[in-house]
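Novice: The task is simple: from the sequences and hints, build the whole structure.
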Amino acid sequence: MDWLWQAARLGANVGPNRRTKDYHSKFNRKECVNFVPAPVNPSEPEICYCGLYEREHANPTTGFHPIHSRRFALHEPFTVLNLQKSIKRATTPGGKWHQDRDIKEFPTDAYGMLFFKQEPKGSDCRFFKVAHYIRLSDETRIWRSPRGDPSVLQLLVGTWNLLEPEHPKLVISFAGDEERFSLEGAKKKTFMAGLIRAVESTNAWLLTDGSDAGISKVVGQTVNEMQTTIKTDGRLMPYIKCIGVTSYGSCRNKDSLVNAEELTENEQNEQKHFYDTTRTPGQVAKIALNGDHTHFLLVDDGFHNSLSSADSFRSRLEEAIQKTMPEGLDIPVVMLLLDGSLRAIDRCLKALRRRVPVVVVQGSGRAADLIADAVLNHDPTKSDDGALKEIMSKVPIYIDDLDDHKHMECAKKVLECCRTGNKITVYDIDRDSNMDKAILSALLTGTADPEDELRLALEWDRPDVAESSIFPQIDDNADLRGIMKQALREEKTDFVDLLISWGFDIKRFLTVEELRKLYNLPEPKVHLKMLLHHSSEEDQITLSDIDKLLKKVVGAHVHTLYHDRNKGKQFSSSLVNVHFEDPYMELFIWAILTRRNKLADFLWEITSFPLSAAVVATCIYNGILASLTDTDLRTESQDMKDMFEEKAIELSDLGYRKSYNNAVSLMQQRYSRWGGLDILELAMVGQDMRFVSSPSARADEIQRWTNVRRKFWSRILYRILLFVAHCFLVLFNLDETPTILEGILAIIVTSEAIEKMIQMAQTTQRIGNSAWHWYDTGLLVVFLSAFVLRSIPWIPDFGYVLYALCAPLFSLRLLRFFYVWPRLGSKILIFVYMVPRMVEFLIFLLLFVLGYGIATRVLVSHTCQNREYLNFSLRSLIDFISEVIFFPYWQMFGELQLDSLEASNLTTCKGEKGHWRWLTSCDPCEEVVNRAQPVIYDFFAKGLLAVYLLISNVLLLNLIIAIFTTIYERVQTRSIEHWNYEMHRLTREYENKPVVPPPFGLLAYVWRGIWLTCCQQRGKELDPAEVEVCDETDVWLSQFERQQVRSYNLMRSMSGETSLENTLLRLNKMIESLPTLINRGLRRDDPTTLQRPQTMADEYHHYRGKPASFSDRILGKTNHLDQFLESQILGRSFKVLQSTTTYQSRDATTSLAEMVGKSFGVLKQMALEVNFWAPTCTDHRPDRRTHRGGRTSCLTGCTRLQEGQG
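Start counting the sequence shown at 0; every next residue gets the next number (numbering that gives the first Met the number 0).
These are calculated hints, taken from the structure and not from any lab test.
All values reported here derive from a predicted model rather than from experimental measurement.
Mixed in with the good hints, there may be bad ones.
List of simulated lysine-lysine pairs, DSSO-like, C-alpha gap at most 30 Å [unchecked claim]:
| hint | residue 1 | residue 2 |
| --- | --- | --- |
| 1 | 116 | 285 |
| 2 | 516 | 506 |
| 3 | 216 | 422 |
Specialist: This is the structure:
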C-alpha cells in the first residue's frame, strides 16, 4: 500500500542521517564545455555533438552552469526554466569536437532527496514518495577502496545504509524493453507473485533503469505492493531497496534535480527536490523517473539522450556487488530478461561475460523468447555458421523492428549467449508459476560447492530444488550440522524433514551443549525469560532452568541431563558431548518454549511417543496461559493447546477403533520422565477436558470405576453416618464440657485429616488442586478448631459457633457423591464454578455497602453517639458492624427501615460547640443536650439511599446474574466433558484411598508403607527378564502409537486432496491455462503462424476468414468464470468447514455443487466453440479402422462428424 511507507511527508526524518555534503561532493559530474554544431537539418536549431544547445553549455573553467543562477526556490516545485542566456564559445584547434577533450568532470551538483507527488485515485489524500539520488560520472570508481576513495559501493553501504536492517542475500537486475514492453493479465500476476516471493525470502535488492515505463514500472508496482517502512536508529527507511541506474542526460525534467548554489551547506543537505513525471509540451521524449524506486544513480557521461553509458555502468556495478569482500559486497546477482530488443540482448550478453547468471522469461515476448528458443534448441555439435544461420532465420520472427544489418548483429550476440548456456535458465511463465525457483536454479549454476548450494536453497526455502539438484551431489560424510541448526533456528520444517530423510543423524547432532546453545539463540525470547523469572537479559538459560520450568507446568520432570547449573557460557565438561536418548522430544520441547509452533507441529510427528508428547504440549501451553498476561501470547498458546489436544484425541480415537486393548494400555502407560504419570493424569494437569472425554479415556475410566466402586459406597455410608452423628451432637449432646461422642468424632476427623495430608502428598500437586480438596481441608480445620475452643473454659462460645457452622459444611459435602449421576453432576459443577465468582462479587459489593453505610451513619448520628462504639468490647464491635454493613445490606433486599432516616433531635455534648480542637476526645459525654437535626441531612440521607438501591439492585445484581448466566451456558454446552473430567478426578481420588473409612484407613496406609519398602528392596534385585518385558511393552506401545500417527497423516492428506476447496482451486487453475493451451494448439496447427508467432491471433483471423471474436469470447468466458470461482471459493466454500449443523453443511455442499456444475457448463460451452471454430477438414475421408462410439475419425486426423451422425 502506498501510504504504508511513502507517508514520509515534508519535514519527515527520512533516510540516512549521514547524507552529508562532504561525501556527496567527492563525486563528479560531466559537462560539455565546447559547443561544436553537429550536422543536422538546416531548418532546426544548431545542436552540439553532446546533445545540448549552445546556451546550455557549462563554463569551461569553473563548470558553472547557467541553470544555477536561475535555480527555482525550494517551495516552487515543477518550475520550468527559460534559459536564454548564451555562453561564450570555447575555441578548439581545427574546430572539431572530441569527447575526451571537450567533456570535463566537475564536482557533482545534483544529490539529496527526491519527492514524487502522489494522488491516489478516489482519495483526497496527497503525499510524497521519497527517494535518494545522486548524479555521478560514468567513470566513477565502483569497488570499495582501502584508501577511502569515493566509490559507489561505499555510497550505498556507508551513506545510504542499504545494508540495514538486514543484509540482502540476493540482487536481482532486470533487463527488457522500456517502450514496447507488455506484460498483462495472468502473466503479470505470475511475475509479480514470483518476484514478491523472491524478495521476501532473500531481502533482495532490485536493479532497474529507473524509468516510469516498461519493466521498470512493473517492478515499481510490485515494490509498491509489498513495501513497508522500518525505523532504524530513529530514521525511517524503506524495507525493500529498489535502485534505478539511469542515464542523467536522458532524464526528463532534470533541471529540478540540481542543487541551488545560493544555499548554505546545511540548507543544501536538507533541501527537498520535487520531481514532476509529466512531459512538458514541446519537450523531447525522455525518461521519467519512477516514484516507486527508493534510490537513483544518475549516470552522467556528458552526452544527452544516450543510454549506453548507464548500461555499462550497471554491468560494472553488478560485477562489483558480487565480488568478494572487502572490495565488493559478496552478494550474488542474477539478471531477469523479459521481452526486450537488441539493447536487452546486449545487456544480457554483458552480464554473462561478467559471470552473472541470467533467467530468461519465456513467454514475455521478443528478445526473451528469441534467446529461450535459441538456448533450448542449441546444438553444440553444429558449426558456427549453421547455428548462426538458424538463429538468423528466427530473429525476424521474434523481433520485427530491426534492419538486415541489425539482424546479423543480433544473431551473433544470441549465439554468444547460447555458448554460455550453462549460465542461462529458461523460465516458461505460461506453464510454471514458480519464478523464484527459476531464480534459485540460476544462482545454483554459478556455485561449485554443493554445501554452499544447499545453504543458498535453505535461505530461499526451496527444499524441492535441494532434493532434486543438490542432495545427490553431497558426500555422505559432509558436515551438515550448521545447516540443520540454521533450519531449526529459522523454522524451515521442510528442510529439517529433508535432512532427516537423507540420513542426517539427529541424535549425534543434539548434545547437551548444542541444546543449551539452542535455548540461548539471539532471537527475542522475552516470554521465556519471564517464565524463568530471569531479571537480566545477560543471564544464560541453563537446562536446569528448563527442568524447573517443566516441573512447574507439568507437575513433575525427571531427567539426569537437565542438571547443568552453570550460568556462564562455558558448559560442564562432563555434559558437553553427551547425547539424548530421544532427541526429537528435546527439540519438540525447545520448539514449544521458544514459540516455534510450526516446527513443534512437525517434530511432534517423529517423537518416540507422539500421544504423550501431544498431551505434554497441552500441559506446557496451559502453564504458559497461567503464567503470562500478554494477550497475543495467550491467544497463540490457547490455539496451540487446542491443536495438540485435537491431535491427541485423533490418535486415541484411531487406536480405539483399531484395538480396544491397545488403546486402553496407552491410557494406562506411565512415563518415568514425567514423574510416573500416565496419559490421563497428564491430561488432567493440562485441563484437557475433551481428551478426557474421548472413547479411550472413558474406557479406562470405566475399568478404574469398576475397581473403586466398593470404596465409593463405603465412603458414602461413612459420610452419612458422620453427618448424622454431628447433627445429634450439636442438637442433643453438647454440654459445657466435651462429651464422649464429641471425643469419638474428634478422633475420626483427626484420622481423616491425617489421611487427607497423606493423599495430597502422594498426588501430583496440580492434579490434586480440586475444589473439594480445599473444601475438605476447611471442614476439618473448622471442626478441629471447634473441638479445641470447646476445651478452653473461658472461650467456649466460639466453639459452639464453629460447631454450628460445621453442620451445613457436612451437609454440602454430600454433594460430592452426586457426581456419579450425569444430570445431577453437571448441575453441581455449575454450582461449584459459580462459588468463586460469587466471592469475587461479594468483595466488589462490600465496597459499595461499606461506603454507603458509613455515609448514612454520618448523616443520622452524631460523633458523640459513634464514640460509644470505641469501648473495645465485643458487643460494641458487633453493633457497629450491624449498623455500617448489615443495615445497608438488608436495605438492598427490601428492608429499607426509613424511620431511621427521619429527621429527629440529635444528642450531643454540652459545651462542645464554640471552640476549636485538633482531635475530639474519645471520652463518653457526661452532660448532653438535644438539638434539632438539619433538614439537609434528611434530604441527603434519602438521596444516598435512592442512588445506593439503584446501583445495588439494578447494576450489581444484574451483573452477577449475567456472570452466572455465562457460567451456566459455558458449562451446560460442554456438560458431558466437564462431568467426565470431574468423574475421572473422582475415580483417581478413590483409587488412592483405602477400602475402609477413617479411622481404620490409617492402618491401611501403615501396611501400604511397609509393602512399598519391601518392594523397593526387591526392586534392587529385579530379574532382568522382568525388565526386558517392561522394555518390550514400551517398544510395542511406541510402535502402536507410530502406526496411528501414520494413519492420522494419511487421513489428513486424503482429506486435503479431496476437499471441495482444493478441487475448485485446481479447476480454477485449469481454466486459467485453457486460453494458452488453445492458442498453442492453434499455433501448432496453423502453418502461417510458424513465421510470425507473435501475431498469431491476427493471422488466424485472416486464415479462417471469420470474425476475430473467437479468442475474445474464450477469454471473456474464462475471465467471467475466474471471477465467479474466486468469489465463490472465498465466499462459500469454507462454509462447509465452518458449518455446525447437518442442514448448514448440506446447504453449503449444495451451493458448491451448483458452482461446480456451472463451471463445467462454461467449460463445455468453450469446448463446443473451439470445436465449431476449429479449421475444417476440406477432404474428409473416414478411417474405417477406428470406431469411437458412433464417431469415425478421418484419415487426415480431423474428428468431424459424418453426415447423419449426431
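Novice: Kindly indicate which numbered hints from before are broken by the structure, ordering the numbers from low to high.
Specialist: none
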